[in-house]
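Model the full structure from these sequences, guided by the hints.
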Amino acid sequence: MARVIVQEVTKKYGNTVAVSDFSIEIEDGEFFTLLGPSGCGKTTLLRCIAGFINVTKGKIFIGDRLVSSEDQKSFIPPEKRNLGMVFQSYAVWPHMNVFGNVAYPLKIKRLPEKEIKSRVRSTLELLKLGEFEKRYPNELSGGQQQRVALGRALIMNPDVLLLDEPLSNLDAKLREEMRFELKELQKRIGVTIVYVTHDQSEAMVMSKRIVVMNEGRVHQIGTPNEIYKNPHDEFVASFIGKSNFIDGELVGKHNNIFAIKIEGGYVINVQMLEDIQKKDLTVMIRHHNVEISRIKLENSIPATIKLTTYLGDQFIYEISLGKTTLIAQVHEEQFFKEGEDVYIKLNNPIVF
Amino acid sequence: MSVKRSLFSFVIFFVLAVLFIYPFSKLFIIGFAREGSPTFKNLSEILAKTTNLIALWHTVFVAFFVTILAVTAGVILSWLVTRTNLYFKDFFRIVLVVPYLIPPFISAFAWMQLLSPVGYLNKILMALLSLEEPPIEIYGKYGIIVVSAIYTYPLVYISITKAFERIDPTFEEAAQISGAGKLRVIKDITLPVMLPAVGGAAVIVFVTSTSMFGIPAILGIPKGYLVLTTKIFIYIGSYGTKYNFNLASAMSMLLISIGVLGLFLQNFATRKEKFAVITGKAAGFSVIDLGGLRVPATIFVILFVLLIIAAPIAAVIITALTKALGLAPKLANLTFGNFKYVLFSVPVVWRAIRNSFVLAVTVPTITVLLSVIFAYTARYTEMKGRQFVDYIVSAPYAIPGTVIGLSMILAWIKPVLGVSIYNTIWIIMIAYIARFMIFPMRTVTASLKQIDSSLAEAAQISGASKKKAAMDIIIPLIKPGIYSGWFLVFMPALTELTLSILLYSAGRETIGVTVYNMTQEGLVLETSAIALIIIVVVLSLNLIVRRASKQRISPV
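Which chain is which? The protein sequence lines are A and B, in order.
Mapping of the first sequence onto the numbering used here: position 186 corresponds to residue 186, and the numbering continues sequentially without gaps.
Mapping of the second sequence onto the numbering used here: position 231 corresponds to residue 583, and the numbering continues sequentially without gaps.
It is possible that part of the hints are untrue.
Unchecked claim - Heads up, simulated BS3-like pairs for lysine-lysine below, C-alpha to C-alpha not over 30 Å straight-line:
#, chain 1, residue 1, chain 2, residue 2
1, B, Lys594, A, Lys73
2, B, Lys441, A, Lys73
3, A, Lys107, B, Lys393
4, A, Lys114, A, Lys80
5, A, Lys12, B, Lys534
6, B, Lys534, A, Lys59
7, B, Lys534, A, Lys134
8, B, Lys539, A, Lys117
9, B, Lys539, A, Lys134
10, B, Lys393, B, Lys594
11, B, Lys493, B, Lys575
12, A, Lys73, B, Lys534
13, A, Lys57, B, Lys534
The hints are simulated quantities; they were obtained by calculation from the structure and are not laboratory data.
Structural data, given as structure tokens:
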């Protein structure tokens with residue numbers, strides 16, 4: 001078990017910057033997720049932590065040990081970092097059976113045959129692979145191969161477990177199951193996990209903390225709840241959860257209440273934690289925070305229903321507010337027709 | 353419609369019969385019969401003679417060591433070029449396949465210039481080490497083994513390079529993160545995962561080696577070191593021997609069975625294999641840092657290229673430009689006279705060039721045309737037995753050229769239904785078609801496989817007839833396969849020796865036959881001149897095609 005400290009790390013390939021001045025501190029036993037769209041640098045960062053590539057600038061510590069820095073001499077190769085890793089393609093070796101794959105790290109350590117056997121057996125039991133010991137990878141399903149990869153990564157009691165989009169090759173149902181299994185497993189063995197994904201719901205379900213990143217930079221670090229409730233910027237807000245974005249203009253301030261004029265000259269009041277200096281702003285409202293009613297309420301704005309979509313447990317409405325189109329997600333059984341004039345209320349707006 | 357279809361089936365059957373079924377049945381019948389009655393006498397007579405058993409032993413012995421050398425060189429070079437940070441990789445990548453592009457008998461001749469008792473390298477070594485006798489002997493088993501290995505290692509190199517490029521890089525990374533160091537990763541993961549590809553390449557080299565003719569003919573026959581192909585060649589030529597064709601056919605069976613055994617062994621060896629290699633995202637494999645070995649490894653590859661590729665070509669150049677045999681390669685002794693003489697004073701040379709070019713243009717055209725018809729039939733029609741077409745066409749791949757040549761002689765030595773093509777260019781053409789058919793068949797089938805059937809169906813829905821859909825949609829889409837198939841036949845057809853030497857007659861010489869006969873007559877200067885022309889033409893054509901297609905065309 002160990003913490004991982006990434007200190008001002010930059011990774012360049014020629015002139016392309018894959019990771020830029022990146023700092024995170026992952027606590028011992030934490031389930032920490034690197035979340036971002038493809039090409040955001042999350043896999044590059046993970047590979048820096050793993051030691052497959054060295055950093056261009058900055059430092060990485062695993063536990064108290066400096067493993068990567070711009071100084072080549074202090075670089076510790078992957079095989080000496082005591083990490084476990086599960087790859088997106090699983091990388092279960094085709095020429096070894098399940099036992100051989102899982103036993104491999106212990107064989108490298110030259111443990112006695114007997115100990116290897118018992119440890120592999122118990123790991124396979126833990127992952128419900130007991131009966132597959134003698135099978136070869138081509139005789140296993142995707143989910144089973146993935147467990148083998150996980151077993152191989154866990155068997156040497158790694159300081160940190162690195163997971164590179166491990167669920168992305170599984171079908172939807174198995175993916176959901178594995179999310180909970182992984183979380184469960186981590187609770188039981190308490191290993192530090194660094195998890196890479198582009199799937200926000202995966203990140204939300206499993207992580208203790210998430211770093212949302214894009215173009216090699218940190219956008220926000222926080223618990224899933226903090227990131228969802230209080231996104232720091234437009235990128236985080238758009239990447240996590242479903243939101244409307246409206247242009248607005250700051251027209252007045254009173255203590256920490258901001259008056260913002262939006263489309264159609266309507267003014268909404270937003271409570272802010274910090275002061276904002278600029279005049280042109282973006283107002284974000286989550287889809288489920290758009291409230292629709294037939295009667296005029298306090299602070300509500302007239303609008304028209306453009307399109308109605310029924311999803312079983314909820315309605316999705318496309319609403320025209322002048323030239324802007326907003327999306328509302330409504331759980332109530334209250335039904336609005338297309339073309340109907342309504343009033344909407346924008347709850348819990350956030351301003352950038 | 354039905355009449356048309358059965359006519360079409362008949363044409364396909366007729367072509368297969370002429371090219372494959374009839375000649376090979378004839379070979380089989382003559383091998384297992386005498387004067388019309390079936391017997392095993394031919395085989396038992398063959399096996400009773402010590403010289404034949406020796407030839408069989410030589411064939412296996414040579415093939416075994418050729419395989420070991422070619423696989424070792426091919427795997428190491430491929431690994432260095434694809435997986436490490438060797439210098440000049442792009443240059444090596446192209447240059448290392450050159451030995452396979454040069455016709456084997458030309459290569460054997462070139463090595464003679466270096467290592468015959470009066471060869472340049474032997475002379476240099478004698479001077480350097482002040483020896484009385486030339487230290488290296490090119491004639492005999494060692495010469496055959498080394499020159500054959502030089503010709504065949506690119507087969508290994510090409511297929512292993514492809515396999516290295518396909519291997520999932522995370523296999524190795526997973527081992528590394530499990531605690532394995534660089535060497536351990538190579539031993540535990542890279543090599544075992546590559547094993548099926550290496551095994552496959554080894555079998556190809558082994559079978560190729562057993563069926564080679566040019567190299568053992570040029571380097572073995574003068575010293576009486578015979579392998580099965582050259583032995584069969586000698587049997588065919590010895591008209592005085594009774595039953596010489598029957599014995600040659602029986603011996604061919606022996607030779608074929610070695611090839612079949614090789615393929616069977618490969619199947620057996622890879623049967624256990626559980627190697628469904630699952631590839632994930634191509635993250636691009638990690639390049640291994642050779643560290644302190646980077647410079648020595650590069651020097652090693654440079655020396656390899658200089659000795660194995662550049663030296664024999666240089667020897668041919670020097671000889672081709674020398675005024676008289678044995679003169680030191682000084683500026684005063686150089687001349688273009690050999691080229692002038694060969695091209696303008698030896699009538700057979702021009703005749704051979706004309707014949708070879710006619711064959712090298714017609715044969716690929718016909719094979720490509722037939723391949724398109726066969727492959728299309730197999731994929732898009734319901735013709736009965738269409739799946740067998742592919743098997744029949746691929747059969748000659750496992751059958752040595754010498755045996756195909758013999759089958760053609762047996763098939764046509766007497767007129768068939770009043771048609772006589774023996775001693776004409778037609779028999780050479782038919783033999784070439786049978787032998788090279790497999791190349792366009794493969795490329796065309798492969799590109800046809802990539803075309804979703806919905807593409808032609810969409811044309812039909814839009815109103816095109818089936819024929820029009822084929823012409824407008826399918827043919828344009830398989831053009832790359834057609835072009836590369838054509839070129840893959842053109843190159844070997846231009847310099848073919850094995851079939852031509854058995855089937856040529858006066859006036860029907862090919863380039864291969866002419867060069868071979870010139871070496872037999874000891875016309876070293878003239879042979880060098882024409883060999884150099886062939887090398888230049890072959891290499892520049894390959895370069896042009898490579899540039900034009902921007903993709904590697906390889907027969908593997």
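Hint-by-hint comparison with the structure:
Restraint check for Lys594(B) and Lys73(A): the C-alpha separation of about 79 Å exceeds 30 Å, so the hint is violated. Restraint check: the Cα-Cα separation between Lys441(B) and Lys73(A) comes to about 27 Å, which is no more than 30 Å; the hinted pair holds. This hinted pair does not check out: Lys107(A) and Lys393(B) have alpha carbons roughly 59 Å apart, beyond 30 Å. Straight-line distance between C-alpha atoms of Lys114(A) and Lys80(A) comes to about 24 Å, which keeps the hinted pair within the 30 Å bound.
With a CA separation close to 25 Å, the supplied pair Lys12(A) and Lys534(B) stays within the 30 Å bound. Taking the CA atoms of Lys534(B) and Lys59(A), the gap is near 24 Å; set against the 30 Å cutoff, the hint holds. Using a Cα cut-off of 30 Å, the hinted pair Lys534(B) and Lys134(A) holds, with the two alpha carbons roughly 27 Å apart. In summary, the hint linking Lys539(B) to Lys117(A) is supported, as the alpha carbons are separated by about 22 Å, within the 30 Å threshold.
Simply put, Lys539(B) and Lys134(A) have alpha-carbon atoms about 22 Å apart, close enough for the 30 Å limit, and the pair holds. Using a Cα cut-off of 30 Å, the hinted pair Lys393(B) and Lys594(B) holds, with the two alpha carbons roughly 13 Å apart. At most 30 Å may separate the alpha-carbon atoms for a hinted pair to count; Lys493(B) and Lys575(B) meet this at roughly 10 Å. Annotation: proposed proximity of Lys73(A) to Lys534(B) holds, straight-line Cα distance about 17 Å (limit 30 Å).
Restraint check: the Cα-Cα separation between Lys57(A) and Lys534(B) comes to about 25 Å, which is no more than 30 Å; the hinted pair holds.
The earlier numbered hints that this structure contradicts are 1, 3.
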